[in-house]
Amino acid sequence: MRANALWSVVAAVLLIAVPWIIGGEFYINMASQVLIYALFALSINMMLGFGGMVSLGHAGYLGLAGYALILLVINGFDQLSAAVLALVFSTAMAGLFGALSLRAPGLGFIMITLALGQIVWGIAYRANNLTGGDNGIRLPARPAPFGIDISSAPRFYWFSLAILAVAFFFIWRFSRSPFGASLKGARDQPRRMSMLGHNVWLIRWLTFVMAGFWGSVASLLFVYYNLFLSPHALGLQQSAEILLMAILGGATSLTGPIVGAAIITLIKNVVSTYVERWNTLLGMTFVLVIVFMPYGLVPGCQTLWRKITTRSKPAATKPIEIKASADSSSGGCS
Amino acid sequence: MTEAALEIANLNKRFGGLPATKNVSLKVMAGERRLIIGPNGAGKTTLFNLITGDLTADGGSVRLFGHELLGMRTPDRVQRGLARTYQILTLFPRETLAHNVVLALLGLDKLRWNPWVLLTGHRHLYAQAREALAQVGLGDSADRVVAETSYGERRRLELAMALAQKPKVLLLDEPLAGLSQGERQTVRELLGKIPRDVTIVMIEHDMDTALGFAERITLLHYGEVIVEGTRAEVVADPRTREVYLGE
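Taken in sequence, the protein lines are chains A and W.
Those letters in the first sequence? Residues 1154 to 1487, per the working numbering, in order.
Those letters in the second sequence? Residues 4 to 250, per the working numbering, in order.
Among the clues, some could well be false.
Claimed, not checked - Once the Cα atoms are required to be at most 25 Å apart in a straight line, the calculated SDA-like pairs of lysine to any residue come out as: (1) Lys113(W) - Phe1327(A); (2) Lys113(W) - Trp1358(A); (3) Lys113(W) - Trp1325(A); (4) Lys1460(A) - Arg97(W); (5) Lys169(W) - Tyr129(W); (6) Lys196(W) - Tyr154(W); (7) Lys171(W) - Ala213(W); (8) Lys1421(A) - Leu1407(A); (9) Lys113(W) - Arg1329(A); (10) Lys1460(A) - Arg147(W); (11) Lys113(W) - Leu1355(A); (12) Lys113(W) - Lys1421(A); (13) Lys113(W) - Ala1252(A).
In short, the hints are calculated from the structure, not lab data.
Given these sequences and hints, build the entire structure.
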């Protein structure tokens, strides 16, 4: 326990010190991108890791929250009101998307989320008058929360880090709450949970909405970072990458999605500068991790570390297997 | 025993062209121990699934203390006092025994909707879970992971999870299946200790235990009730011998 607290403090200090450690605006901006994608991956992992629900439409929130924010600001709303309204709108849409997606179990669920994500992309692409179509639209400026200017790279990094820290804390509490326990139970034994009095459909729907909320928060950060949004940012590839981040890092762990986001973002942005076929490298990395650490990097490394240090029984420490949204026995998926 | 705990009337279920239950009607009085018997494929587990809402009935009525259950979702039926165990164990094997029972307790507690408080902070739930486990002789195993327990212990855990919910009507689907003689004796004793305010409907093939436990017996055959009555009546009925007990 004490060791965990110590590691947390060390990690926090290191993360805060990143702008001084790495220096250079390019790399600080890269670190900000990692934080933004980490929040995306954490949000999708609420559904994937804890709930066993695989969504291929998570980038849709980029479109919903992002365009709502920009349009509101362009139309005269102040930054705070625009952000709040964009979050409310996007989270409400997550409620609608969840109600539609959860009508189908397993593969059907995945396909509906994919379809909904593509509908958002299609609207963004075709509604030229509203979204600027393929050309996208610009956010005039970053906000100044509590009067603090976050236009510089280091300040935006710290702003993103603060938001991620808040989200991480909420999601950590969520994962260890009674609701989180019910969600994990619904992932593993939906029929049994139903027979224990749990409304499995409602548990999944609420999780979908909460994941939508944090996905929308990440979307706002994405727009603040780029000051621009176009349909390219919310396509299927984006949704798939967010999903891969969570799986690569380890969907059953809380820190796994953050690690996955860091690796994929760095390969995309840094390695691509030196390696022409960076997509191949990304694919190979993914394949290697899945072959040697099927539960992802963080759980895999934890198991490896335990084997090295304590030689504990692997059966007792084996991380759980992610199941695609299971049956919907209650009317509807550690 | 004046009030009907469970009243089933003309319950029908078809799987395509195959009728799984045909006009099943039975009345189980409060506090009664009822045994459902029948050969494999008679529709016993289907009947349980219809009562709990795991399957949707094609027609008929299922009343729990006068309240119609058909049309109600499974969790709502549980909130009304229904609990069951499964023939094929459905537990949470990577969790501790205590956590399994806590999930059962949470099912009836509004706390289950709270996404903010830490579950481990609610010590009363774990205390209740340990109490329920102690009732079935697993008090010392509360912190063990289910995957590391024996089959017999898991059967008892299923029972503890159901009893922890303090049900009004408990459906037991072959609670002795797969157990050794010693374990059967343990579970038999546990069943005997369940208080009379819990009405029990049990499916069981172990006739020694079943006949010793049940007050009334219903014999199902091809989805139909063909014999019903007291132990002596059912055992003496030639149709019971013909379709189930053998000559």
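Query raised in the report: Which of the numbered hints above does this structure break?
Result: Violated: hint 12 alone.
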